[in-house]
Each structure stands twice: as C-alpha cells, then as structure tokens.
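Number of protein chains: 2
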Amino acid sequence: MIRIGIDIGGTGIQIGALNENFQILNHASIPTCTGIPFEAQVDQMVDCIHDLLRPVINPQLSMDQVLSIGAGIPGIADADGNVINCTNLGWVDAPLRKEFQKRIPKPFFVDNDANVAALAESVAGISAGTSSSVFITLGTGIGSGIIINGKVWKGFHGIGGELGHMILKMGGQLCTCGNHGCVERYCSASAIIRMAREQLAAHPESLIASICGGNPEKVTAKTVFDALHEGDALAEQIFTEYVSCLAQTIANVTNFLDPEIILLGGGVSKAGSVLLDAVREEFPKYVLFNNQPLPRIEIASLGAEAGVIGAAMLS
Amino acid sequence: MIRIGIDIGGTGIQIGALNENFQILNHASIPTCTGIPFEAQVDQMVDCIHDLLRPVINPQLSMDQVLSIGAGIPGIADADGNVINCTNLGWVDAPLRKEFQKRIPKPFFVDNDANVAALAESVAGISAGTSSSVFITLGTGIGSGIIINGKVWKGFHGIGGELGHMILKMGGQLCTCGNHGCVERYCSASAIIRMAREQLAAHPESLIASICGGNPEKVTAKTVFDALHEGDALAEQIFTEYVSCLAQTIANVTNFLDPEIILLGGGVSKAGSVLLDAVREEFPKYVLFNNQPLPRIEIASLGAEAGVIGAAMLS
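Protein chains in written order, with our numbering: chain B, 1 to 315; chain R, 316 to 630.
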C-alpha cells in the first residue's frame with residue numbers, strides 16, 4: 001500500500017508517493033500556477049500523481065496500491081475537504097476533495113501545512129514518541145501546528161494554530177493582516193530583514209552592508225546569519241533582538257499550553273545550533289514556573305520533506 | 316455517595332460536600348492561615364470537613380459516604396498530589412495528598428484553581444456540553460484553565476494555563492513576575508485600577524475622583540464600572556482601553572487554540588453584559604480568520620461556587 005502526500009506551497013507543489021513506513025518511494029514537483037482556474041490546478045496535480053505512479057520504478061507504484069491522498073495547504077480547510085481560505089493560491093471555498101475525487105476516487109484529506117508538518121515530525125521526526133508538541137515554522141511568515149494527545153489540534157472551528165498572528169506587542173509593527181504587533185512581525189525571516197534594514201544606514205561599516213553591496217533591498221535573513229558567523233557587531237545586535245522576541249513567543253506557548261516539545265522549522269531554523277542554543281538559554285527567563293522541567297526546544301528534523309510526509313499521514 | 320471539594324484561596328478556604336449531581340449539600344469556610352505550619356493548615360481543613368459531615372442535616376453526610384476529596388489551589392501541583400508551588404500560601408513542594416490521606420484515607424486530588432473552575436463550568440456550568448473551552452479569571456491577577464476533548468489540559472509538565480503571564484506587550488508594564496508586558500498587567504482588575512490612577516490627576520472632574528474622594532488609593536475596578544454606568548467620560552476611556560486589551564488577549568487564545576467557548580470569570584466579570592457585549596464586538600477584529608465561526612464568549616455561570624464544585628469533580 002502507498003499513500004500520496006501533496007505539499008501545496010505558494011511557489012511550488014511537491015508530491016510524493018510513500019510506503020507504509022512513510023518513506024518516499026518517488027516524488028516530483030510542479031510550479032504553483034495561480035493564473036488558471038481551480039479545476040485546471042487540480043488537473044495539474046492529478047497529472048503529476050499519475051506520472052509518479054510508475055511500476056517500472058517500483059511495483060508498489062500503481063494506482064491500485066494507493067490507500068489515500070493528503071494535501072497540506074498554506075490556509076485552512078473544513079472537515080469535508082473544502083479549502084475555506086488559501087490566500088497565496090487565490091482559493092476561497094474551494095472544494096478540493098470533491099474535485100480530486102472526481103478524478104481519483106480515493107480517500108482524500110486536506111489540512112493546514114503547519115499542522116501537517118507537526119504531524120509528520122510527531123510520527124516520523126524529532127518529536128516522534130511525544131504526545132504533545134507545537135511546531136513553529138519561521139519563514140517569510142509564521143505558521144504553527146499543535147499536537148495534543150498525539151493528534152493535530154486545529155481548533156474547534158478549524159482556525160487555531162495561527163501563532164504568527166497572536167499579538168506579541170500591542171500597538172507594535174503593522175502586520176500584513178491589518179493588526180499591530182503580531183508575532184510574525186518579530187519572529188519571521190521578514191522580521192530579521194526589517195531589523196537589518198532599519199539599522200543599515202547607521203552602520204555602513206557592518207559586514208551586512210558589504211555582503212549586500214550597500215543595497216538594503218538585497219538583505220536576507222541568511223545575510224544576517226552569514227555576517228553573524230563572521231562576528232559582525234550589527235549582526236550580533238540584530239540576532240540578540242530576534243532571539244529575545246522568539247524566546248518570548250516560545251515562552252508564551254509554554255506558559256499557556258506547555259507542550260512536551262517545541263519544534264522550530266522553516267527557513268530561519270536552518271541557522272541551526274547558533275539559533276537553538278541562544279533560544280534555549282533565553283526562553284526560560286519568560287516562563288512563570290521556570291524552576292520546573294520545561295518543554296524541549298528542537299530544530300525540526302524532516303526539513304522540506306515534512307510537508308509531503310505529513311500530508312501522506314492525514315487520515 | 317458524596318464528594319468533598321476544597322477551594323483554597325489566598326484569604327479564605329471554601330469547603331463543600333456535594334452529591335453525585337454536584338449539588339452542594341453542605342458547606343463551610345475558614346480563613347486561610349499562612350503563619351502556621353503546613354501540617355496545621357491541613358489539620359484545619361480536615362477539622363472543617365469533619366464538621367461538614369453531619370448526618371443530622373442529611374443522612375448522606377457521613378465519612379462513609381465520601382468517595383473522594385479534591386482541592387483547587389492558586390498554584391501548581393504534580394500528578395502525585397504534591398503542591399509544587401503555591402506562593403500565596405507559602406507552599407513549596409508540599410505533600411498535600413500525603414498529609415490529607417494520613418488524616419482521611421480517601422482518594423485525594425489537587426489541581427490549579429483556574430483548571431478546577433474550568434472543569435466545573437464544562438460539566439455543570441455555562442460550557443456544559445462543549446468539548447473545548449478556556450476559562451479566564453479576571454481578578455487581582457489572571458488565571459486560566461484549558462479544557463480539550465472534555466479534559467483539563469494543564470500542560471505536559473503541569474505548568475500551562477498561565478495566560479496571565481503570556482506577554483501581550485513586549486517591553487510594556489513591569490509585572491510582579493519580573494517580566495514586562497504580561498497579560499495580567501493589562502487585563503486584570505489591577506490593570507483597571509492602574510489605568511484609572513494614571514488618569515485621575517488629569518481628570519479631577521471625573522466621577523471616579525468623587526467616588527473615591529479624590530484619593531487614588533481608594534480606586535477599585537468597581538469604582539470604574541460604577542462611574543461607567545453613570546456615563547462618566549474618564550470611565551468610558553478606561554473601559555475602552557481595557558476592553559481593547561482583553562479583546563486582543565481573547566483573540567490570541569482564538570488564533571492559537573480556537574476553543575469552542577471562552578469563559579470570563581473572576582471579579583471583573585461581575586460587570587456582566589456591559590463587558591461581555593463590548594468584548595464580543597471587539598475581539599473578532601484581532602482574529603485572523605474572522606469571517607469564520609468564532610468561539611462563543613460567555614460570563615462564567617457558577618460564580619464563587621465554581622472552585623468548590625470543580626474541586627469535587629477532580630478524579
């Protein structure tokens with residue numbers, strides 16, 4: 001038996017065929033096309049699935065063997081497999097299950113991409129064996145997935161897990177959502193870029209300035225981490241501010257939900273141990289009962305494959 | 316069969332004997348004595364329980380009929396019935412179950428008071444019939460209890476539900492916990508008092524000033540609500556600010572956990588519909604997916620009895 005996992009992103013769609021041990025037997029990717037009708041987008045994904053299923057590679061790879069298909073989306077879906085809202089793809093009330101099952105009559109599931117990644121890690125990744133976890137994706141934006149008692153908790157109305165839009169600083173930075181002070185404005189890759197750009201003019205001597213040729217538009221989160229690695233003072237200052245914000249967010253998750261483990265994924269988490277060590281040291285300061293055992297903080301282990309693996313696990 | 320519920324507060328201890336329908340058959344209260352040894356405090360509670368059990372009032376009221384004893388504390392306890400930390404009572408690593416069972420050999424349970432109140436409401440109060448809820452006590456401080464899938468969720472390490480010490484405004488007001496910007500500094504009765512005191516000198520014409528005889532030390536949350544009821548402009552300004560902070564906190568709970576229902580209890584919730592209506596109108600502005608069904612917001616229904624009833628429900 002195999003399961004198909006689809007990781008639908010804003011720029012690309014990753015599709016994998018996995019065996020019962022959630023190992024990827026075959027995979028492919030297609031660009032995300034937003035300028036075409038919804039049905040045509042589904043056709044492209046279905047074509048890609050058919051293309052993956054080539055028994056010549058592995059006898060398991062046939063449609064007969066497919067047990068289920070799951071999709072992770074950067075948005076929210078209801079229990080009937082309708083995508084309620086997925087801004088990046090322009091989907092509003094899109095009947096994803098219905099359209100898929102017209103083309104491939106197999107059980108089809110859809111959930112938020114951070115929930116899916118949290119599920120993947122909790123079954124096959126760094127949080128395997130834990131019963132409660134919170135997965136935080138530190139990318140251009142911030143997503144999160146909550147696992148309680150071994151199951152995805154996406155809220156009673158399906159709108160939970162939006163850690164990125166919890167307010168961390170009332171009256172703070174204006175967010176893309178229209179509110180002020182959201183976590184996303186302080187803990188995402190975009191936040192690191194903003195902090196760097198704000199400081200760049202006052203610090204022309206910084207390595208960040210030379211890496212980006214003096215052009216603030218060219219600063220990325222990686223620029224800052226590269227400069228940090230070289231001991232650049234401005235990069236250290238930005239990193240310290242960023243870690244403080246992230247530590248307060250992780251402490252908020254701890255003070256409220258206190259999961260067994262908190263995972264950091266997404267682009268910023270590629271900074272690895274420099275980030276992990278700093279956050280582990282900083283976040284207990286903001287936890288009320290910090291003389292007690294606290295959640296483990298870890299970098300997610302499945303990387304970019306978490307989306308496909310977790311989507312295949314949906315049931 | 317009856318169950319004993321003990322609500323251990325900073326100033327008083329309420330004890331009730333409840334029947335199988337969680338109706339209070341008899342109850343009593345004793346002052347909280349913090350200047351005596353822990354064992355003597357337990358002795359006082361045990362004496363009070365014996366005093367409650369008078370078959371002359373009701374034949375059920377005998378120790379033979381007692382199925383279990385539960386206690387709610389303003390602190391945290393472990394699964395073995397040890398109180399890890401309960402600042403108001405000066406308890407640290409206090410073996411509450413062990414000491415109780417030395418005196419009354421019955422099953423004994425202890426949990427945080429906000430968890431206990433959340434449990435009471437979810438079984439016998441306004442949230443009965445719901446599967447997930449968050450109970451927020453708006454008192455001198457802020458506590459919260461989380462119910463998920465019908466059970467108290469107090470975190471993997473038992474340190475969750477501390478909504479009052481989640482950071483709502485990074486770098487904001489200094490909190491009693493030593494951090495800055497905690498929810499408690501903006502959403503408690505103390506926050507209303509602070510907001511009023513900050514404004515009082517500049518608004519000598521306010522009804523708040525006349526109610527408290529111009530003495531800022533005499534301002535209470537009730538002073539502000541009384542003045543609000545009379546249409547006082549300063550009270551309206553304070554109320555608007557308070558509701559905005561509380562709405563952002565409720566939205567944070569919604570964006571992250573999205574429970575079926577959110578309950579407001581504690582002293583400030585006695586303001587009733589004026590508070591409830593304002594919060595219900597304000598909080599959706601801060602919810603990301605606010606075009607979807609949102610958690611119901613309600614005032615807790617069991618009032619001061621929630622502590623005793625919920626403690627008796629512990630098992």
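These aren't lab readings, by the way, just hints derived from the structure by calculation.
Where hints are given, some of them may not hold.
To be verified - Which residues of chain R face chain B? A few of them, derived with a C-beta cut under 10 Å, are:
| hint | residue |
| --- | --- |
| 1 | 481 |
| 2 | 514 |
| 3 | 515 |
| 4 | 516 |
| 5 | 572 |
| 6 | 608 |
We treat Cβ as the ideally placed atom computed from N, Cα and C, and that holds for glycine.
Results for each hint:
1. At its closest, the beta carbon of residue 481 of chain R sits 4 Å from a beta carbon of chain B; the interface hint therefore holds under the 10 Å criterion.
2. Annotation: interface hint on residue 514 of chain R violated; nearest CB of chain B at approximately 18 Å, more than 10 Å.
3. Given the 10 Å rule on beta carbons, the hint for residue 515 of chain R is violated: about 23 Å separates it from the nearest Cβ of chain B.
4. Hint status for residue 516 of chain R: violated, given a least beta-carbon distance of 23 Å to chain B, over 10 Å.
5. With its C-beta approaching chain B no nearer than about 5 Å, residue 572 of chain R sits inside the 10 Å limit, and its interface hint holds.
6. For residue 608 of chain R, the interface hint holds, since its Cβ comes within 10 Å of a Cβ in chain B; the closest pair sits about 5 Å apart.
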